[in-house]
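Trainee: Take a look at the letters that make up each chain.
Protein chains: 2
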Amino acid sequence: MTFKLISTAALVVALGASAVMADGHSKALMGAVKARQGQMQLYAHNLGVLGAMAKGDVAYDAAAAQAAADNLVAVSGLNAMTMWPQGSDSTSMEGTRAKAEIWSNFPDVGAKAGAMAEASVAMAAAAGSDLASLQAAMGPLGGACGACHKAYRSK
Amino acid sequence: MTFKLISTAALVVALGASAVMADGHSKALMGAVKARQGQMQLYAHNLGVLGAMAKGDVAYDAAAAQAAADNLVAVSGLNAMTMWPQGSDSTSMEGTRAKAEIWSNFPDVGAKAGAMAEASVAMAAAAGSDLASLQAAMGPLGGACGACHKAYRSK
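So the sequences go chain by chain: A and B.
Okay, so the first sequence: first residue is 2 according to the numbering used here, each after it adds one.
Okay, so the second sequence: first residue is 2 according to the numbering used here, each after it adds one.
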């Protein structure tokens, strides 16, 4: 829980403050974009492992499910301070789908990031128990991803 | 320490076992490659934050340094089990520089991953103290990255 709350708070602080990388150098901006896209890839991959079990495409494996869920907790707990600098939105630069609205809706973005972290913690508490528990935790997790993407990721 | 050892053990197990994703489907393999590349991007970004302070390009900021170092610990602690499936080496597929030697040198790869996790923990213990401590921790960290890249990443 502490992990999650720190992460959310850090994101809110980061979005509000002028970040270290927000110096107008496109190389630094691109590095930040690649880092957050890396974070998203790690979400996608570990969600994929869990989703394949949830759907029955892959046999349920408690250890593998727990590992994937623990990874989601670790990834959602990363301090996002330097990964969302001003000027790294999709109207300011190429190579990102992050809407400019992110930077004008800090409290809501922070709340959505917090919901993702919370759903990851819930998955980590469920995934290693049994398939039904894993399946029950998938909905909130997918919902948390989707809520942020719908509001803040361009097509 | 526990975090690190679990991570290293998981990597060794993963490399030895037939991973969940190693089903010969190129989409699944590519997903695994993107996930580990995402992990590398997160390493690079957070190392960049620390490196910029170490070199004096950016003013030392204890909180930002600590956050970057904590991120390195979290990222190096990820369970790598599903991210290095058999058949995802650079001789078997496009889009990766991971040498096939990785899959025939499990103990050494695991040791190198462990060294990276250990150097990250050392950085996290140093980065928030002062600039000199951060600078002293940079060498082992860069060395750990380089040791694995030199041995197992193709040009």
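Take these hints with a grain of salt, some might be off.
[What the hints assert, rightly or not] Each computed DSBU-like pair below joins lysine-lysine, with the alpha-carbon atoms no more than 30 Å apart:
id, chain 1, residue 1, chain 2, residue 2
1, B, K151, A, K151
2, A, K56, A, K156
3, A, K156, B, K56
4, B, K100, A, K151
5, B, K56, A, K56
6, B, K151, A, K56
7, A, K100, A, K28
8, A, K28, A, K151
9, A, K156, B, K156
10, B, K151, A, K156
11, A, K100, A, K35
12, A, K156, B, K100
13, B, K56, A, K100
14, B, K100, B, K156
15, A, K100, B, K35
What the hints contain is simulated information worked out from the structure, not anything from laboratory work.
Trainee: Decide, hint by hint, whether the structure agrees.
Mentor: Okay, the hints, checked on the actual structure:
1. A C-alpha spacing of about 41 Å is found between K151(B) and K151(A), which places the hinted pair above 30 Å, so the restraint is violated.
2. A hinted pair counts as satisfied when its Cα atoms are at most 30 Å apart, and K56(A) with K156(A) qualifies at roughly 26 Å.
3. With a C-alpha separation of about 39 Å, the suggested pairing of K156(A) with K56(B) is violated against the 30 Å cut-off.
4. Distance restraint check for K100(B) and K151(A): the Cα-Cα separation of roughly 38 Å exceeds the 30 Å cut-off, and the hinted pair is therefore not satisfied.
5. Between the alpha carbons of K56(B) and K56(A) the distance comes to roughly 49 Å, so the proposed pair goes past 30 Å and is violated.
6. Under the criterion of a C-alpha separation no larger than 30 Å, the hint pairing K151(B) with K56(A) is inconsistent with the structure, at around 40 Å.
7. For the proposed pair K100(A) and K28(A), the alpha carbon gap of about 19 Å is at most 30 Å, so the pair holds.
8. The suggested pairing of K28(A) with K151(A) holds, with an alpha-carbon distance near 28 Å, which does not exceed 30 Å.
9. Of the supplied pair hints, the one linking K156(A) and K156(B) is violated, its CA atoms being roughly 34 Å apart against a limit of 30 Å.
10. The hinted pair formed by K151(B) and K156(A) fails the criterion: a straight-line CA distance of about 39 Å is larger than 30 Å.
11. Proximity of K100(A) to K35(A) is assessed by CA-CA distance (about 16 Å); at most 30 Å being required, the pair is judged to hold.
12. At roughly 35 Å between alpha-carbon atoms, K156(A) and K100(B) are farther apart than 30 Å, so this suggested pair is violated.
13. For the hint pairing K56(B) with K100(A), the CA-to-CA distance comes to about 33 Å; that exceeds 30 Å, so the pair is violated.
14. For the hint pairing K100(B) with K156(B), the CA-to-CA distance comes to about 10 Å; that is within 30 Å, so the pair holds.
15. In summary, the hint linking K100(A) to K35(B) is supported, as the alpha carbons are separated by about 23 Å, within the 30 Å threshold.
Hints 1, 3, 4, 5, 6, 9, 10, 12, 13 from the earlier list are contradicted by this structure; the remaining hints agree with it.
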